[in-house]
Amino acid sequence: MNYKLKTVDVWDTLLRRDCHPECIKLATAAHVYFELPGKFKKNYQQYWDLYRARVDTEVRLAKAAREAGQDEEYEIVQVLKEWLAEVLELPCAENLAERFAEYELSIETKRTHIDPDIEDFLKEYSAGKTLFLSDFYMNSEMLKQLLEQKGVSHLYDDGISSCDVGLNKRSGTLFKYVHDLYGVSPSEHVHIGDHPWSDVEAPQKLGITGILFSPSESHAARHQRESLFVSREALFEHLRQLSVKAAASTPLALEKTGIAAFRFGVEAAPLFIGFALWIAEQAITQRLNRVFFLTREGEFFLRIYKELFPDNQHFGHQLPAVAELEVSRLSTFVASMDEPSIDELNRIWRLNQSQRVSGLFSSLGLDYSDFTDIMSEVGLNGSDVIDAPQNSIPLSKLIRSGAFKDAVNQKIVEQRELLVEYLKYKGVNAGEQIGIVDIGWRGTIQDNLARIESTTRFHGMYIGLRKMLNPQTSNTSKSAYAADERLDADTGKLFESFAVLEMLCTSNKGSTEKYVRSEGKVEAYRNISNEENSSFYQFSSHFQEGVVLAAKIWAPYLERYVVGAADLNSSAIHIWEKISENPGIELAKIFIETPQHDVFGFGDIFQKNKAPKISTIFYSLVNKSARRQVLDYIRRVQWTSGIKQIDGISFIHKSILIGLFKLANVIKRYRMKTKKRS
Numbered sequence: 001m002n003y004k005l006k007t008v009d010v011w012d013t014l015l016r017r018d019c020h021p022e023c024i025k026l027a028t029a030a031h032v033y034f035e036l037p038g039k040f041k042k043n044y045q046q047y048w049d050l051y052r053a054r055v056d057t058e059v060r061l062a063k064a065a066r067e068a069g070q071d072e073e074y075e076i077v078q079v080l081k082e083w084l085a086e087v088l089e090l091p092c093a094e095n096l097a098e099r100f101a102e103y104e105l106s107i108e109t110k111r112t113h114i115d116p117d118i119e120d121f122l123k124e125y126s127a128g129k130t131l132f133l134s135d136f137y138m139n140s141e142m143l144k145q146l147l148e149q150k151g152v153s154h155l156y157d158d159g160i161s162s163c164d165v166g167l168n169k170r171s172g173t174l175f176k177y178v179h180d181l182y183g184v185s186p187s188e189h190v191h192i193g194d195h196p197w198s199d200v201e202a203p204q205k206l207g208i209t210g211i212l213f214s215p216s217e218s219h220a221a222r223h224q225r226e227s228l229f230v231s232r233e234a235l236f237e238h239l240r241q242l243s244v245k246a247a248a249s250t251p252l253a254l255e256k257t258g259i260a261a262f263r264f265g266v267e268a269a270p271l272f273i274g275f276a277l278w279i280a281e282q283a284i285t286q287r288l289n290r291v292f293f294l295t296r297e298g299e300f301f302l303r304i305y306k307e308l309f310p311d312n313q314h315f316g317h318q319l320p321a322v323a324e325l326e327v328s329r330l331s332t333f334v335a336s337m338d339e340p341s342i343d344e345l346n347r348i349w350r351l352n353q354s355q356r357v358s359g360l361f362s363s364l365g366l367d368y369s370d371f372t373d374i375m376s377e378v379g380l381n382g383s384d385v386i387d388a389p390q391n392s393i394p395l396s397k398l399i400r401s402g403a404f405k406d407a408v409n410q411k412i413v414e415q416r417e418l419l420v421e422y423l424k425y426k427g428v429n430a431g432e433q434i435g436i437v438d439i440g441w442r443g444t445i446q447d448n449l450a451r452i453e454s455t456t457r458f459h460g461m462y463i464g465l466r467k468m469l470n471p472q473t474s475n476t477s478k479s480a481y482a483a484d485e486r487l488d489a490d491t492g493k494l495f496e497s498f499a500v501l502e503m504l505c506t507s508n509k510g511s512t513e514k515y516v517r518s519e520g521k522v523e524a525y526r527n528i529s530n531e532e533n534s535s536f537y538q539f540s541s542h543f544q545e546g547v548v549l550a551a552k553i554w555a556p557y558l559e560r561y562v563v564g565a566a567d568l569n570s571s572a573i574h575i576w577e578k579i580s581e582n583p584g585i586e587l588a589k590i591f592i593e594t595p596q597h598d599v600f601g602f603g604d605i606f607q608k609n610k611a612p613k614i615s616t617i618f619y620s621l622v623n624k625s626a627r628r629q630v631l632d633y634i635r636r637v638q639w640t641s642g643i644k645q646i647d648g649i650s651f652i653h654k655s656i657l658i659g660l661f662k663l664a665n666v667i668k669r670y671r672m673k674t675k676k677r678s
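The working numbering puts the first residue of the sequence shown at 1, with every later residue one more than the last.
Note that these hints are calculated values from the structure, not bench results.
Capping the alpha-carbon separation at 30 Å, the derived lysine-lysine pairs in DSSO-like fashion look like this:
#	residue 1	residue 2
1	K578	K610
2	K205	K63
3	K478	K467
4	K608	K493
5	K110	K306
6	K176	K123
7	K509	K424
8	K644	K668
9	K654	K256
10	K205	K129
11	K514	K608
Could you put the whole structure together from the sequences, leaning on the hints where they help?
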């Protein structure tokens with residue numbers, strides 16, 4: 001039959017979204033939230049709060065229209081104006097609602113595609129004129145822009161949106177309006193759409209030929225996509241399954257340990273994905289000019305970040321430029337010193353309760369052998385380990401000696417000049433807002449940089465933060481994604497596994513020791529330890545590849561479903577808890593067998609698998625030297641799960657060590673809680 005008029009629905013007929021329709025509104029809410037930070041009423045502190053307020057506004061407008069005897073219709077700019085008036089503390093600019101409406105149209109454009117079957121389907125119903133007919137809050141001009149960009153404008157002559165005229169298909173009044181406008185009778189009209197009532201039964205009640213368009217494959221895909229919006233848990237489980245499936249199909253020419261590491265990385269990915277999302281959110285809300293990822297863990301974090309933000313945009317906002325920054329506590333400490341003094345060195349000693357004398361020289365970039373005469377005079381040996389070094393009279397004499405002070409002052413001048421030049425080359429500029437990304441735990445590298453570049457503001461972003469021990473400068477701020485001991489002492493248990501988390505996230509490029517001038521520019525000198533890198537090649541590199549694989553799979557869904565860092569926070573903490581309390585045997589074994597280069601404090605290569613003997617443990621009850629040996633071992637390892645994998649010791653010996661570690665960690669957490677209360 002040849003009809004006089006053919007009308008076609010838009011959504012899930014001409015066009016299909018790759019997400020739930022509400023994701024579009026949620027994306028607008030997120031965009032607005034990050035556009036206007038700090039300007040919302042106290043009830044609207046997350047973009048989910050803004051989204052729900054938007055829905056409430058639409059319900060209110062629909063009710064008002066119904067009470068006025070009209071169809072429940074409203075137009076997007078009207079909605080956004082009333083919504084903004086509801087959520088903002090102060091009135092906003094007049095054009096803001098229009099601008100946000102254009103943003104929402106851009107999201108609709110990004111999220112939609114032409115239905116693969118519709119063009120052939122429409123050919124089965126010929127008509128003299130074809131219109132699109134949509135129950136929607138965007139007017140027909142906005143819909144025409146969208147349809148034209150999607151390449152379907154050849155399928156219709158004109159179109160009407162319900163909000164144009166305040167009438168909709170659901171009530172049938174929009175069909176009557178079209179009949180009057182174009183002078184057609186119901187029998188001359190065929191309408192095609194996906195909704196059983198609005199597109200089939202409602203028009204059929206008026207005598208219109210209503211045709212249901214519901215291709216099975218596209219319809220099933222739509223329901224699957226929309227189901228993922230109902231629950232974040234359902235979405236994340238779906239992504240986990242996709243990641244696990246991808247991992248299972250990835251060819252791996254690896255040993256058993258490498259395969260276990262890769263699969264563990266896939267499972268642990270939400271911790272690092274959530275962290276990367278949070279970094280982007282912080283970058284926007286803190287109005288950062290640049291973000292630097294600090295070596296060595298930052299190299300891995302930057303990989304994840306780039307997977308999630310390939311176009312360097314988030315929620316419609318341009319993200320700042322990002323780069324690696326080759327720094328370490330060692331390479332920045334001397335340059336950050338004002339003078340060689342107990343107060344300045346206390347910034348190291350507050351972090352390390354014991355100081356080996358030779359380690360002090362390493363920390364300052366000095367050669368211990370150049371000071372043998374002074375050491376003899378003050379009564380110190382390089383192998384001496386000093387508790388409470390800030391109270392040591394021999395150390396005080398050493399620091400006050402002229403030769404030592406001159407050597408340190410010379411190092412301060414040399415290293416500060418080189419570091420300042422390096423920072424300038426990398427883009428750390430005076431007066432800017434600079435973001436610093438690192439794993440944690442007290443942000444001492446950031447402290448050093450803030451002291452050197454005093455006119456630059458440094459905002460630190462960490463997976464976890466412990467309580468600050470050193471004074472903080474006015475040009476620095478710090479925040480944590482997964483655990484912040486400053487706010488919640490109960491998170492202290494997570495930090496027992498800080499060293500293994502560092503091992504998982506490290507790179508194989510070595511730690512920055514100092515800065516040198518090479519071919520006219522300053523470069524970082526990095527010391528690569530083959531001993532330390534053994535864990536990277538056996539486990540960490542494969543773990544990181546697993547995380548990256550999962551990040552590739554998660555990335556498009558995060559944007560599509562408007563996932564924020566807070567949505568993943570509980571998953572991130574759960575993963576960290578698993579690493580801390582229930583890791584795989586392979587991970588714990590690799591950790592305990594891998595030496596650790598400890599520059600600050602002891603200045604040595606620490607063998608974690610060399611535990612104190614049983615005799616030393618019992619002797620420590622009465623002997624100070626033995627007690628220090630036991631306590632130092634506990635402080636430097638901390639991770640109880642790692643101790644369980646030590647080889648070459650008896651069951652009784654291992655049980656005693658595990659008991660000691662558990663007791664020490666309980667005492668430590670108790671002290672943190674009592675300090676918090678006081």
